Amino acid sequence: MTYSAGQIWLIIALLGAGTFAIRFSFLGLIGDRPLPPFVLRVLRFTPVAVLPGMVAPLILWPPATDGAFDPVRFACGVVTLAVGIWSRSFYIAVAAGAVTLYGGLLIV
Amino acid sequence: MPDTTAKTAFWAGARNGAPFILMAAPFALVYGVLAVEAGLTLAQTMGFSVLVIAGASQFAALQMMVDNAAVALVLLAALAVNLRMAMYSAAMVPHIGPAPLWHRALVAYLLFDQTYIASVARYDDGPQMTVGQKVAYYFGVATPITPLWIICSLIGASVGATIPDSWAMDFALPLFFTALVAPMLKSLPHVVAAGVSVAVALVLSGLPSGFGLIVAALCAMLAGALVEQWTETRA
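Residue numbers (the numbering used here), protein chains in the order written: chain A, 1 to 108; chain B, 1001 to 1235.
Worth flagging that the hints you see were computed from the coordinates, not collected in a lab. None of the values given here were measured: they were computed from a predicted structure. Yeah, the Cβ is synthetic: ideal placement off N, Cα and C, and Gly gets one too. There could be a bad hint or two in this list.
Stretches of chain A that chain B covers, calculated by requiring three or more beta carbons in the stretch to come under 8 Å of a beta carbon on chain B [stated by the list, open to error]:
#1 1 to 14
#2 19 to 28
#3 45 to 51
#4 81 to 91
#5 98 to 104
This is chain B alone, in the form it adopts within the complex:
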């Protein structure tokens, strides 16, 4: 009875995805608040949350737009933040590759850090899962987090204008991004990449908005990859 097992997989995914709302809800609330404070309309704020639906890149785009960076640079910086998802996409292929195209398109739309991490961990634990069960599990993980992301963006955008300056919401983005990156600094190449990114961005901060960051990110990616390759060939 493939129907029942898919249903079981879906609910297992939903249970395992539920804790992610702890991170997504405040992140989306703050995004909504900052977006309207930056000058976006409610529709534009929600446009980002529904069409882009990728928190870190929405914050990145917002930051570049507050700096009045050129449209191309806003896009470059925000898309650079999302490039890691190409890796996630590649990692899903061995599991979901045989599913129908529209399933894969929906999986792609919902490919967040959380859905990727939770699903790939489950697939590695349960190699006997069928493709249908894997897809059902994945949609289960995405089910609590996705509507919540959109609703909390809306709430944040609706109350945003009423939040006083003393709450220091201006610092939410540096706080969130630092907290996101710090746990990733677990190997020398990652530390080098982050250090190069900071150093180059600070040195080039006088350039027109956004240029310095793009150059810094390219240098940092290359530095991280080269150091990693170097440490591996020495090992």
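Next comes chain A alone, as it looks inside the complex:
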């Protein structure tokens, strides 16, 4: 990380203010006026649009192995995804992924 302390605090302050603005948007400022339906539709997809794109390179090319493909971390990603889809549960998916990761790291 090569940011100055000032830059880091700038990120914290702006991210804090921006996040509050998002949370306060309708409650405080926009009020009861409805958003265009297509905007609401697009907003609904933000978590599922942002997180997979962030995670996929980390699973395929983990920084811990300097970007080399790691079968254990890849298996952990696949198991977590599959168990999460099947169980619909964050906790069960995390547990299955953690067992795969630590089990795999012990064996390899």
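Fit chain B to the given chain A structure using the hints.
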């Protein structure tokens, strides 16, 4: 006696919010550990947890900062993760809209996935609740989880430097995010959005840190919304 009913609503909320500490505590611990390992000071680590107070976006910002992405891109990625909260905010208006401004501001500060999900579910079950009871219930849900989030970030940040590499904490973020997203993949549009996000992010991974992700997220949101609209008009 509005006082007693508000009190009852508050404690009902606190009881229903208590199970959420199971998720928030480990999430906050790992955040604290990763934040100091990435090079943040204790004060900066806590600054995120108190001022931003949104787990997934704190992890997202951290990941972009580890990659030394430009400040604007760090902000864009982390705020994109929080955009869903605009929906939560909109969903709260019919229930909490008439409450005093400072109540609504406090509700906004505490608007997490958990408080939103638990409260809206309760409001839909109990349409006879007054605005005061709804606000009290909401603050009840937030009461166990909020201090715990901050305390566990602090504990994680304090012990972070002593955790050995063999614990593979580097993989906590992909593990948590995959586990968060997988249960959301319950319809074709969601699967398409996630697939587009992964594909575009991988193809553009050679771009300067963060650019690929922003483009991938925009493509994915649009793809999900369009597929959803298409499936609805066909139905």
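Here's how the hints hold up against the structure:
Only residues whose beta carbon comes within less than 8 Å of a beta carbon in chain B count, and the region 1 to 14 of chain A has 12; three or more means the coverage holds. Figure legend: the region 19 to 28 of chain A, annotated as covered by chain B; annotation consistent (9 residues with Cβ-Cβ distances under 8 Å, at least 3 required). Restraint check on the region 45 to 51 of chain A versus chain B: 7 residues with Cβ-Cβ distances below 8 Å, three needed, restraint holds. Counting residues of the region 81 to 91 of chain A whose CB falls under 8 Å from any CB of chain B gives 10; the rule of at least 3 is met.
Only residues whose beta carbon comes within less than 8 Å of a beta carbon in chain B count, and the region 98 to 104 of chain A has 3; three or more means the coverage holds.
The structure meets every hint from the earlier list without exception.
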